[in-house]
Every structure is written in C-alpha cells, then in structure tokens.
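Colleague: Listed below, chain by chain, are the residues.
Number of protein chains: 2
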Amino acid sequence: MNLHVSDPALAAALRVDAARLLASIATLATFGACADGGVNRPALSSTDLDARRHLIERALELGCTVHTDACANLFFRREGSKPLPPVLTGSHIDTQPSGGKLDGCYGVLAALECIAALEDAGICTHRPLEVVAWTNEEGTRFQPGAMGSSAFVDPSRMARYRDARDAAGVTLADALDTHAHAFPTLEMRPDGETAHAFVELHIEQGPLLEIASVPLGVVSGIQGVRWYTVRCAGTAAHAGTTPMHARRDAMTLAIDMRAQIEAFATTLGGEHTRVTFGRWSVEPNSINTIPACVTFTIDFRHPDAAVLDAFDRQLAECAARCGVAVETLFDHPPVHFPHTVVRHVANACAALGARSLTLNSGAFHDAMYLAKHCPTAMLFVPSRGGISHNPLEATNDEHLVLGTRALAHCLVHLCNETP
Amino acid sequence: MNLHVSDPALAAALRVDAARLLASIATLATFGACADGGVNRPALSSTDLDARRHLIERALELGCTVHTDACANLFFRREGSKPLPPVLTGSHIDTQPSGGKLDGCYGVLAALECIAALEDAGICTHRPLEVVAWTNEEGTRFQPGAMGSSAFVDPSRMARYRDARDAAGVTLADALDTHAHAFPTLEMRPDGETAHAFVELHIEQGPLLEIASVPLGVVSGIQGVRWYTVRCAGTAAHAGTTPMHARRDAMTLAIDMRAQIEAFATTLGGEHTRVTFGRWSVEPNSINTIPACVTFTIDFRHPDAAVLDAFDRQLAECAARCGVAVETLFDHPPVHFPHTVVRHVANACAALGARSLTLNSGAFHDAMYLAKHCPTAMLFVPSRGGISHNPLEATNDEHLVLGTRALAHCLVHLCNETP
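Respectively, the protein sequence lines represent chains W and P.
For the first sequence, our numbering assigns the number 1345 to the last residue and increments by one with no breaks.
For the second sequence, our numbering assigns the number 1345 to the last residue and increments by one with no breaks.
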C-alpha cells in the first residue's frame, strides 16, 4: 500500500492499522484476564512480568532497543536520525484489582502501534521516539501510585519507595529484584538524558467527551488535588436512655460539616469543583450506641491553585469554628501543560478532521509527574458511560483508532522539531 | 440493735446494712476487674464462674437453697411460711467488655442484702423470696441478650440458644456444660412454679433522675423498640473525573433519608422519641471514589405501640418513595408494668420519705421478659452523668443504699400478699 502522502505526520497517522491495534489490546488483556471480562494485573506481579515479556518481544520485533531503570520502567526506543533528546510517549500496564482493558494499556499499545506505523510508512524522524511503560501507576499493590514516573523525574524518591510493602509484606525492593532476575539481559537506560517532550494518550475515565459527542480530548492540564481527613467527636451514649436533647451525636456534626464544606467548595470553585467524601468510619459503630466519633475524607480538586489554597483556608476556619480536627493527607498542585506541546495535539486532531474538546484531566496520570521533567501534554478518547476502574470500562473501536492516529501525527511533529 | 418497728417492711428496709452492701459490690467487682476501674466478665467465662461461686457461698451462708436451670440462671431461695408461689427479684452479673461495677450486679447484690436484712430483723415472710442472677443479659458473649430470662419465660428458646457461638466459636451448649461441671452438686429448680411477682432494681443508665435531682425511679414500663437496616444505593465513580451534577452519591441519599426519618420520628413520638443511627457502612469506602452503597441502622424506641407501628408504616413509605431497601432486624413491643406491683414500688419510696419519679425504662432489662411470666416492676437509682456500659459508671453510695431499702420494703409487702 502506498498512500502518496507528502506530510510524514499524516502518512504515519494513516498507516495506523486498526485491526493490529485492537488485536494488541485484546492480547495484552489476556494477562490477568478475569471471568467478568475485567483484568487484574498488579504491578510487578508474575502476571505483570508475563505481560512485560510480551511487550518486550513485540518491541524487539519492531526493531526497538529495550531499556529499564531503577524502578523497572520499560523504555522501547526507535532511533532518530539526529543526536537529539528523544520524544517520550506511553502510560502504564498495571491495573486496578477489578480493572478494565484500557486504563493505561491503551496508551502503551497505541504508542507501539505508532512505531509499527512509522516502520510500515518507512518514516525516519529526526529525534528518537521512546515508548514507556511506567511501573505501578495505579498504586494498588504499592503506595503511592505513579511510582515509576515520579521516580524517573526525581530519582531520590527511590530510597523511600523501595521500602513500600504490598498487602503480603513484599517490599518494592523485593519485587524489583524479581523483575531483574526475570529479565537479566535488560540494560539500564543511560542516565541524564532529558526528554524533548512527553505525550500520554489515555481514556478519559469521565463522561465529558461522551456528553459532548466529541471523539478526542486535548488535555490542557491536570487539576490540583487536596486530600484531608476530618475527625468529628461526639459522646457515646445509650440509644434507649438518652433523650434527644441531651445527645452529642458525632454523625450529626459530621453531616453538618459535610454540608458546609460542599457549600463553600462550590462557591469557591464553581462548575470546575470536584469534592468527594469517600471514606467514612464511625465509632463505636454499634446499633444501640450514639456515635462517639466520625472520621471522613475529603478529596477536593480544581484546576486553579488559588481556589485550592482558598479551600484550604476556609476548611481550617470551618474546622476551628465547629471544633473538629482536620489533617492533610496528600496534595498536588494543578498542572498546566505548555502550549508548545498542546498545540501539536490540537493540530493532530484538526489535521485528521476530527472534532476535539479542550479539557482538564480529572484523574491523576503519569503525565502529572513527567510535566516536571519536560514539556508534556495528553490526549483523551471517550470512556463509555464515563466508567473506568471497572470491567465495564470501554471505548468505541473507532475512537481507539482515531486516538492512535492523532498520537502518531503529534509524535512525528514533535520528533521532527529541531533546536 | 432493736429498732422497735412494728411494720416488717419498714423494719427490713431499716436493717439494710450500708457498709455490707457497698462491700459486696466492691467484692463482686474484683472478678474481672480491669486496670481502668471497669469490669470485664463475659457470661459463663471462668471469671463469671468464679463470681458465681462467690455468690453461691454467700447465699448458702445466708441460709438460702441454691438452684439452677437449663440456661444456668442461679436462684437463691429464702423459704416463706406458707406454700405459696415465690416473689422473684434480681438482675444479672455478666458485663459489657468495658463495663462498670453496677449494671446488673447492683440488682443481684441489693437483693442478697435484702435477704441478709430479713435475717437480721428475724422476719419470716408468707411467700418464699428468690434472688435470681440471670445468664447472659448483656448479649456480649452470646447473641441475643437476656438469654437467661427469656429462656426462663419461654423454655422452647433453649434449643436455638444452645447453638449460639461466641467469638471464639464456643457454643452456649459448651459453656453450659462447663458450668455444670463447675457446680456438679447444684440442683435444678423444680419446673412449673409460676412466680407471684418479679421486681428488678437497676441503675437508670440514663440522665433523667440526675437531671430531676430525684433519688429513686418508679419504672412504669419499658419502651418498645424496632431495629432496622437501611441500604441506600448510588453509583461508584471517579472523584476526579465525575462532574458534581452527574453523581449519584449513596451518602447524599443516606443523609437525606436520615433527616427524613428523624423528622417523622419526632413528629410521631414527641418528647418520648428515641431514634439513633448508630452503625454505618460505606462501599467501596475509598478516598477517591464516590460512595456506591451506604448502609445504616435505625434504633427507634417509644413507650406507645401505636407510635412504633406508625413509624414502621412511615419508614416503609419513605423507603419506597426514595428507592432504598429497609430490613427489620429486631423488634419488641412496649412493656407496661401492672399497677399491682408498681404501687408497691411507689409505696416503698413514699414509706422511706424519698422523692421518686415515675419513668419508662429506656434500656432493655431481664424484666422485659419476666413481665410475660408474672406481674413485674422495676426500681431505678440515678446514674452519675447518665453514664453506663463504661468504667466510669457510678451511683452515689446513699442512692445505692436507699434503692436497696426501697427494694426490701417492696419485697416484704409482695411476700406477705396472700391470695
């Protein structure tokens, strides 16, 4: 097949092979396949090692060199014609315990399909192109999540990460040793090479593209997040003997706090506010005892750092006023992807004649950390029903293919950017 | 000491020995004493068997005969002068895991003190007087609670109760065998003897007497209770990617249900309403996932059966309207103690010149079941701060003594009632 397309970016996009892409997704999903159609592939588990072996074989067949690093990230590199820093793309292949076939995997497999399309089209780019599978993004086996990408960006994190233990007591250090023994010939990636750019293709994991009936999302950044626990104290007392007016029910206080927090979160953040009270614990949690203590968590997200800061202040004031204790568990500032990379993503959509929506990512991704290392951007395809972290996670085939074509287009432009 | 009192009821009341009563409470509290001042004495545990041995020795010293029955209840009998059914009094000596010295124990020890006072005063009553220690009232080791008293009233319950298992897997049948081996000479109480009356002296376990500054409570009945679970379904979704308007948060629904239930419970039951939402469970209970399912319990109590029935109907209507599932876990109708016994309790308070408050019991007691067997009443003394089921459980010494005097007065009158 000769497409006679003069623009190499468009040529690569058009050489993306739909059947090969979809088959590769189906094949990777066999590693850790569950009876319910979902996938369970914990990071660095034996299932994950089998899946990694499969990817390595595929990359070698495509002519790539394969490297790893201190956190067992996998790098599949297609050389460029010039001695320039590479363009990175990819995502992760570990899953939630009851995850789907696409979260993370799609970004890795679409990137490998881009390399296959470049091969098929006989295109040589100026810069090297490296496909990365980041280790332990989900944070399900080892906490925190996004270990591989955050350690790539800040190698000093590894000392702490290596002590992390899974539920069976296995440390990350042990799991990395197992990985090293499974792949004894894998060379370490040379240190100190800064990437030219990173682009991550991912399913949206939310409903916005589907609601808008738009097939592609140009991701302008990742909203910031703050996690807290709120501890509300009351007085345990007998359900039968304590008059209503003499009670100090901790759940009554917690419900009042939740309402106040939701109200000022909405006032502060408007339509971009995401505030979730996901985890609840009640003591003594007895049917005939008035709750003595209720602890709940807050997950507050917003793309504007000033809103996150204002939320933090109002929460502290509200807690002081109501006599409850608040503790911060985690926070990450909003990430704004630079126009220099985002424009290539938007241009790719336009070049393919596809409608796109510019949006913020609601979920965390490896790109959140890579953005500290090099100019970064993301591309989304729709999630059916907005469902993710679930065996029902799905994206229409034509969206999966279109997303891969847009990625190929964008990567070729980035790989051909010269200083 | 010769008190020259012609009324034997008053004579017995005045012979109650404060020091002996308080010492007996302190001694029983040594069986299962905890470092925090509380008591942990699970029903039929080795600690409980030691405590039972102590009570049996005391009763034998007082000249009582001792019997047991199929549920290991202990009966300490002082004979009367006529072949008439006995008057029963007593409570239980098992405790909550972190219980106090008084809940249950006070009623048993005050009753033994009444027998000692009758002995000291040389009073012979027409009817026998039997002090009972009912097995497993708290329901902490074996479920349900009030096993001993409910099986006494309805022996057919024993077949089911014997299969109940504690947290270590020991059945009640095993525990009863251990009890039988520990007390091999204990005779079984003769079957078929209906009691003339039952009077239970107990700490209030609530704040009403203390708030009213009244030392004695004449208990007119025990409020009815209904226990339910309410299951509210939502949709699990990603905290970061799901817009607020697209959420179905199960906790939002549960909080709305709780508010509606509390509102109609208060409207229906007025000041006597006791409604508690004590146990909460949230799924998946993850910080970054919108709650998919929230289950909570309702403990609704009221002295009026019509109010309990109306609550049941309104709850069903509310659940149907809001699309939530309600399940009934337990119910017990209100108990109204007959005037024939209650008047003896009230007369005793008056005869001692003590102020009393007529009130309903908010907590369950063995008297709830005995009321099905024979005319029953209860007498309360104040609980400091309304606190119970807690090492801090306490009652002023003068109230403990006064309650015992009133019990003695009341028991002598009941024991001298002839057909």
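Do not take every clue at face value.
[Unchecked claim] Just so you have them, the derived chain W footprint on chain P, three or more residues with Cβ under 8 angstroms:
1) 1124-1135
2) 1186-1200
3) 1223-1234
4) 1286-1299
5) 1318-1329
[Claimed, not checked] Pulled from the structure, derived: some chain W residues nowhere near chain P, Cβ distances all over 10 angstroms:
6) ALA1121
7) ALA1159
8) THR1168
9) THR1199
10) VAL1220
In short, the hints are calculated from the structure, not lab data.
Even for Gly, the Cβ is constructed at its ideal location relative to N, Cα and C.
Colleague: Which of the listed hints are broken here?
Modeller: Of the numbered hints given earlier, those the structure breaks are 5, 8, 9, 10, listed in rising order.
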